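Using the sequences and the hints, build the whole thing.
Next come the chains, spelled out residue by residue.
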Amino acid sequence: MRREKMRFYFVGIAIILFSITIVFRLVQIQTDPVFQEISEKVGNQATYKPKAFEAVRGNIYDRWGNLLAGNNEVYEIGVTLNQITESNKNEIINFISSLTGLNRDYVRTRIEIPYQPDPLKENYAVFSTIYRNATEKMVEEISMAQETNRALYPITWNGRLERTYPDHRLGANVLGFYSSGGFFGVEGFYDNILSTIESSTFISMNPYDVMEIPEIPHGASVILTIDREIQARMEEILDRSIKNSGSSSGTVIVMDPETGEILAMATTPRANLNQPSEQILAEYPTLNVDGYDIPTPFNRAIMQTYEPGSVFKVFTLAAALDSGAVTPETEFLDTGVVNIGGMTIYNWDYGAWGYQDMTGCMQHSLNVCLVWMAQQTTTKTFYEYLSAFNIDRKTNIDMEGEASFPFLSPSNPTPFGSDPNAPRWYEGMIGPHSFGQGVSVTPIRMITSIAAIANDGRMMAPHIQKAVVQDGRIRYYNPKIVSTPIKPETAHTITEMLAVSLEKEASDALVEGYRLAGKTGTAEIPSRQGYVAGQTNASFVGWGPVDDPKFIVYIWLEKPQSSIWSSVVVSPVFSEIVENLVILMDIPPDKIRMEMASSQ
Amino acid sequence: MNKRYTQAHQQNPWRLQIQRFGLVLLLLVVLVLSFFMNLNFTARAAQAGVQVRLLEAERESLIRSISANSTNLALLTSATTMQNRAKELGFVPATRADIEYLYIPNYIGKQPEPVTIPRSVADQENFRMVPAFTQSIWDWLYQGTFIMLDKEG
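Protein chains in written order, with this note's numbering: chain E, 1 to 600; chain L, 1 to 153.
Hint data in this document are derived by calculation from the structure and do not stem from the laboratory.
Please read these numbers as outputs of a predicted model, since none were measured by experiment.
Hints may contain errors.
Below 35 Å or equal to it, Euclidean Cα-Cα: the simulated DSBU-like pairs (lysine-lysine) are [to be verified]: (1) E:K243 - E:K504; (2) E:K591 - L:K87; (3) E:K559 - L:K87; (4) E:K243 - L:K3; (5) E:K394 - E:K487; (6) L:K110 - E:K480; (7) E:K487 - E:K380; (8) E:K466 - L:K87; (9) E:K394 - E:K243; (10) E:K550 - L:K3; (11) E:K394 - L:K110; (12) E:K137 - E:K51; (13) E:K550 - E:K243; (14) L:K3 - E:K591; (15) E:K550 - L:K87; (16) L:K87 - E:K137; (17) E:K137 - E:K243; (18) L:K110 - E:K466; (19) E:K121 - E:K89; (20) E:K137 - E:K49; (21) E:K243 - L:K87; (22) L:K110 - E:K487.
A few chain L residues that don't get close to chain E, going by computed Cβ distances all over 12 Å [said to hold, decoys possible]: (23) L89; (24) R96; (25) T145.
We put the beta carbon where it would ideally sit given N, CA and C, even for glycine.
Below you can see the structure in the form of structure tokens.
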């Protein structure tokens, strides 16, 4: 009995000692600094991981809902650094290098980044990204390789969205591009609404920790006023015209004069937007022009100013008619030469055209007559009208990078400072200003101001945004009147005069069945040594149908080689554009339109 | 006499032993039940937590996939692709001579394709997590008690 008790006590003491040892060891593990450090490292690695919440950038659509800029899924391939060992390192380098075409040394550098699991340390690194824009096919190849080769297990991938432009070069100048931010065009101007704030945080991997996952709202989508079909056709016509005429560049803008909506805006060059930003920008080289390094504009229509020449004469005519200085029937004796402020001005052909009414002056684009018209209007009134047409201001179109050039006028005579050698306004400048020389404007400025004439004297704010899709609803842009520089009657008179002048001239700009108004412009190109001989900027502005204008078109070909004259080079381009526009915009010929209107 | 029998029966040692044993057994059963209930709930909570993570990852993947699909569709129907397809099928651009205009009463013309409208931020706020998902049973009890006391003044 005593012996049995002893055995019982012995077992009890053994159990107690074992328990004490376990407790002692537990306390030791809890308090030992080495174990504490290991526990912290393992704990952080296992329980918290950094997580980036990517915001989806808003789409850009044309007016009919065709996607012009969206997002495509690409993958980032990398390795989990703590799984890299000497035994699998070379195999991983070989595999990734052959899959992606990356240099082996580069892959090795990325793989050998020291593993640091502490997110609070500066050199925190648990994952190393090696290749950024992998396709789904590449990812499938990795997955298949991992099934047969365990050494490739450390290779992992994460999906992300990449900006993609389905039409590649179409409307590149209008859209701009995205590369960690929006640049130029719509991408640049609406960057703050297309994107939303991305966020990153450390999320707990402990399934018991219920965490609120940040809800990143998608970026707003923008619906443009651009018509993809018209844009494509304009680009095609422009590229062909540049090639045929030997021009150095070109611009075509199509606008709805009633609303200010831009239907198409084609310029050259147009980069393929689905390439890295460095390659996009390489398509816009910096050129040495007249001793200055000038970068090629991303969008000439809004970013390049130039002397427009005779298309500017419509403003002189508008000022003279609206102020009552002349009427369409007023006669002028053209002697072919005029002296103003010490400057001798000739007609384009150095000829004298005799008696001309105001329509004849516009039809033959007589500089001498236009100088006289401006003088009849008086200097003060002439410049007041130019100011009412906002010639001295930007249009504030909703695209990034609009340019402007200081306009010399009585109200702003010394925009370049008081230096005596700096250009300044003087009385004689009314001469060249009356026919569009000595004034530098962008094509968007020209079409916006002239569109007032096609829209009963009301100048509409030019815009490219038709609507914004945000917060679960569509908000449409309301067209805005910027100013009313002339009376509706004057606008109608000018339109009629310019239609008649085209018809009398039997211009190449005419289109059978449609009555159109328009004006050519051939301008000399200024340089530091004066105007360059034999080189011109050829422009044309026209709108129609004259009784109810649905479109206004502005064309500018820079330095055409086949002929320097706009009437030869640009008028046929306008005609071809209108031929296409009336089909794409469903505008029946005038006769049929009248018949339809009367039958309703 | 009956009283003495009853007292003797109640003080019977085996009876007391059974009572104590029963009490211990009851406590044990309650403990075991509590343990299994706790195990069951925590296992389910962990499973739900893992499922939330998986669903969240799937949602992110689907968002990317939807975006990619609409872009791929746009790539397949881009202006250049459609023009080339039309050419391959023998179509040529229409000229004015090819077009005959007809008056169709009540025809409203070409209509734009509907654009997907993402749900509003206000809608997203409705999905915010309620505190019941994050508070412990003690938090819930304390909070409930304080709210009740506050109500009673």
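Hints versus structure:
Distance check on the hinted pair: K243 of chain E and K504 of chain E sit about 30 Å apart at the alpha-carbon level, within 35 Å; holds. For a cut-off of 35 Å, the pair hint linking K591 of chain E to K87 of chain L stands: about 32 Å separates their Cα positions. With a C-alpha separation of about 34 Å, the suggested pairing of K559 of chain E with K87 of chain L holds against the 35 Å cut-off. With a CA separation close to 127 Å, the supplied pair K243 of chain E and K3 of chain L exceeds the 35 Å bound.
For the suggested pair K394 of chain E and K487 of chain E, the alpha carbons sit about 23 Å apart, so the restraint of at most 35 Å is met. This hinted pair checks out: K110 of chain L and K480 of chain E have alpha carbons roughly 25 Å apart, not beyond 35 Å. In summary, the hint linking K487 of chain E to K380 of chain E is supported, as the alpha carbons are separated by about 19 Å, within the 35 Å threshold. For the hint linking K466 of chain E to K87 of chain L, the alpha-carbon distance of about 31 Å falls within 35 Å, and the restraint holds.
At most 35 Å may separate the alpha-carbon atoms for a hinted pair to count; K394 of chain E and K243 of chain E meet this at roughly 31 Å. Between K550 of chain E and K3 of chain L, the direct Cα distance comes to roughly 117 Å. Violation of the 35 Å bound is thereby established for this hinted pair. The suggested pairing of K394 of chain E with K110 of chain L holds, with an alpha-carbon distance near 34 Å, which does not exceed 35 Å. Taken as a hint, the K137 of chain E and K51 of chain E pair is honoured in the structure, with Cα atoms around 25 Å apart against an allowance of 35 Å.
Between K550 of chain E and K243 of chain E the CA atoms are separated by roughly 29 Å; this keeps the pair inside 35 Å, and the hint holds. Proximity of K3 of chain L to K591 of chain E is assessed by CA-CA distance (about 127 Å); at most 35 Å being required, the pair is judged violated. With a C-alpha separation of about 29 Å, the suggested pair K550 of chain E and K87 of chain L falls inside the 35 Å cut-off, and the hint holds. With a C-alpha separation of about 31 Å, the suggested pairing of K87 of chain L with K137 of chain E holds against the 35 Å cut-off.
At roughly 40 Å between alpha-carbon atoms, K137 of chain E and K243 of chain E are farther apart than 35 Å, so this suggested pair is violated. Restraint check: the Cα-Cα separation between K110 of chain L and K466 of chain E comes to about 16 Å, which is no more than 35 Å; the hinted pair holds. Restraint check for K121 of chain E and K89 of chain E: satisfied, since their Cα atoms lie roughly 25 Å apart, inside the 35 Å limit. In summary, the hint linking K137 of chain E to K49 of chain E is supported, as the alpha carbons are separated by about 28 Å, within the 35 Å threshold.
The suggested pairing of K243 of chain E with K87 of chain L holds, with an alpha-carbon distance near 23 Å, which does not exceed 35 Å. At roughly 34 Å between alpha-carbon atoms, K110 of chain L and K487 of chain E fall within 35 Å of each other, so this suggested pair holds. No beta-carbon of chain E comes within 12 Å of the beta-carbon of L89 of chain L; the shortest separation is about 17 Å. Residue-level check failed: R96 of chain L sits 7 Å from the nearest beta carbon of chain E, not beyond 12 Å.
Here T145 of chain L stays apart from chain E, with its beta-carbon at least about 23 Å from theirs, past the 12 Å limit.
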